[in-house]
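**Q** With chain A fixed as given, assemble chain B onto it according to the hints.
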Amino acid sequence: MTTIDAVSRGLMLDSLREYAKRKLPFDYIRELDRENEFPAEILREMYDPGVLGVHLLLIPREHGGLGGGTVDIYRVCETLARIDLGIATSVFATFLGTDPLRVGGTEAQQRKWMRKIAEEKLLVAYGATEADAGSDLVNLRTRAEQVVKNGKLAGYKITGNKQWISNGGVADLYTILALAPGGPSWFLVERDATGFSANKHEDKHGIRLSNTAGLSLDDVYVPADQLIGEVEGQGLQQAQAVFGYTRLMVAAFGMGAGCEALETAVRYSQQRIQGGGPLSQKQGYTHKLIVPHAVALEASRAYIHAIALRLDGEEHGLQTEGAIGKYYATEAGNNAAEDAIQALGGYGYTRDFPVEKIKRDVKIACIYEGTNEIMEMTIYRGRWQEHLKSRGQYYIGMAAELDALHAQNANIGADSAALGLRALARILEDCRAQRLTRHQHVTFKLGELIAAAEVAANFCKTAAAKEYNEGVRMDRACCEAMSRVCARETALAVASQGIKLVLGAGTGSAAELSQAVSLVEIEDRQRGVTEDKDLIAAKLNETFRPR
Amino acid sequence: MNIVVCIKQVPDTTQVKVDPQTGTLIRAGVPSILNPYDHFALETALALKEKTGAEVTVISMGPPQAKTVLRLALALGADRGILLSDRAFAGSDTWATSYAIARAIKKIGKADLILCGMMAIDGDTAQTGPGIAQQLHLPQITFCEHVAVSGRKLTAKKLMDGGHEIVEAQLPALCTLVLPADYKPAFPSFPEIAAAQEKDLELWTAADVGADENLLGLKGSPTRVDRVYAPPQRARGTVHQGTAAELVEKLVCILKEENFIKC
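So the protein lines, in turn, are chains A and B. Residue numbering for the first sequence follows the working numbering, starting at 77 and increasing by one per position. Residue numbering for the second sequence follows the working numbering, starting at 9 and increasing by one per position.
It cannot be assumed that every hint is accurate.
In silico lysine-lysine, DSSO-like type, Cα no more than 27 Å apart, as pairs [to be verified]:
#1 A:K233 with A:K192
#2 A:K97 with B:K25
#3 A:K542 with B:K75
#4 B:K161 with B:K115
I should point out that these hints are in silico values taken from the structure, not numbers from a laboratory.
Looking at chain A on its own, in the form it has when it is part of the complex (with noise of 0.2 Å):
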């Protein structure tokens, strides 16, 4: 729950923007991009209360912080990752090392490590990964053997190595999971404990302004006041605990990077006249490189708040949720990055413009956090289990609700979602009968459908709601056409590949199925597409104009 109310986040935003216009123009980050080079100055400015203090969002008020929450966060991460993805990590890895004391630390270590945090503005690091052991954690090799004196346990030593660590050379302080003699668990080391060491700086693909490093444990002593819950064998539930919402900082993350790309694309088509005029008016420019993005951005952006919002109204886990926010939101971005490119021309694959380190950049956040294979896996079995526990029934009775929706609201496309979403119960259907999800490839497949059927579905709910909220960017006008857009491709997308996917894999007559998924009348409803996104170009470049 947190106690920001609207006005002070969106001040602390401008203050963010502001920071960044001052410390980190483009040029500057430019060259740290191309030297590869972790600007520490910058972060502990950032840290400083005087200054910023940005961490202090992520710190209970009791320890000293602000008590930020959910919306508050993925707010942050998403203005963040606008200004240099690399450096909106970093802030995000403190973040994530301080979770498993958040979750699992006792009153006592909560107290003395997060008011040490606050106070010392300290960097945090994440040590969970290694190099057989990612999101499959259970292949852990790092020990941790108990270390005894009188008879009573008086510490741990820690010998193993850890890969891809965010803040992994620069921290202050590290979040080890280790295999204790009774299981995984966390614990807490000091930069400066013997036998602790980081490895080189990698040269990444993109976010190089954030240190990534691989660590060194060879028998580093920590006290067993340090094991993170003071008892063994809770790591693997600490680190699953907070899932739901350290995934939507990474939708955040490539929703705000997409966006970035997406608006630079869009002023730059307003100034670039060919054929006699911009190319912002040009249907096959805007319909191809710049709309669809736009819909898939912003139905992020309505999904990711919907579920900030859930997260603070106390609902716990949100796994899956999260998973769909993260795969859904990071696709969007890299994918809106990958165009802005090619919207730029000659000039959107140099680096002198940002959309090209945009697009670098991006990419981190569809593989980090759980790749988006492993988010289709964790949607897949999320909402197959509902499928099953409803009897085929989970979306049958969102899409009642849709359809409920449509009735009072005509304008926002329910009636395709709807649509949507009995199709995909369908398709589910038809693979539990047949026995389809022996493929890992359907699983995977589905994952994706589900994903994109219930971001759809949300986009409705937001659109047709009677006071937009803060994720929810342009007018209403606009809002509704790009929700319907989205209800009305993402039902034709669900309806199809779902019928490729089901006789790709199993039996069935293409016919029958495509009355069973009702196809033509999805296909009905792509009626009023091409007028949208024409409203919607307009709209962006009105939004938008060239700086």
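**A** Same frame as chain A, now just chain B:
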């Protein structure tokens, strides 16, 4: 000492364009900011607070969303914020606005120094500050670059064409402030913003300040805006290069061709 700073929320006019068809401002996607002149007036007040321990009250007139700039002012160090917000104020020109703000300052009570930005970047009128001084029958020093207070004596460095004027006045008085060169407005840190949420922010209506409704809004505003338009862009001049003698010859030719001279 009590300082009152008058501030206004404005569209960031560096990003606003005028719709050539309708003559209205295109506001879509344009963020609202604290008027930079007011921002500097506030920073001037906060510097005086630092030296003298003065209490700083910020006041703004506008729709409910204008409370954002008051919150910003509180985060930067102001002690108290007042938003004048009422449908009765809608459509007020600079005179009616000056009247409403003057009423509010009277209600605040003892104001030793009133600071305003020289103008707001959305209207560029530079009338509201002087209007408030007139309504309150206070001495005013406009176009100040710097303001210092010693006891009850105010010393202001006033910008003039080609120079400065040092002007003294007895408090209470009103000053309007111009922007220093390369001014970069201060921004608050996250903890300062969070702390401002707890500070006093009051909402006052026309009735609260005892304003006569006939002197407010369109009724109380003698100004009538005929139309707003972007002036047509002037054609670019031509540049000729050469020696002085060649250029004189060229110039004379052009003046002849254009029928400015005959010979």
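**Q** Run every hint past the structure and note whether it holds.
**A** Cross-check of the supplied hints:
Pair hint K233 (chain A) plus K192 (chain A) holds up; C-alpha atoms about 23 Å apart against a cutoff of 27 Å. With a C-alpha separation of about 22 Å, the suggested pairing of K97 (chain A) with K25 (chain B) holds against the 27 Å cut-off. Of the supplied pair hints, the one linking K542 (chain A) and K75 (chain B) holds, its CA atoms being roughly 23 Å apart against a limit of 27 Å. Straight-line distance between C-alpha atoms of K161 (chain B) and K115 (chain B) comes to about 24 Å, which keeps the hinted pair within the 27 Å bound.
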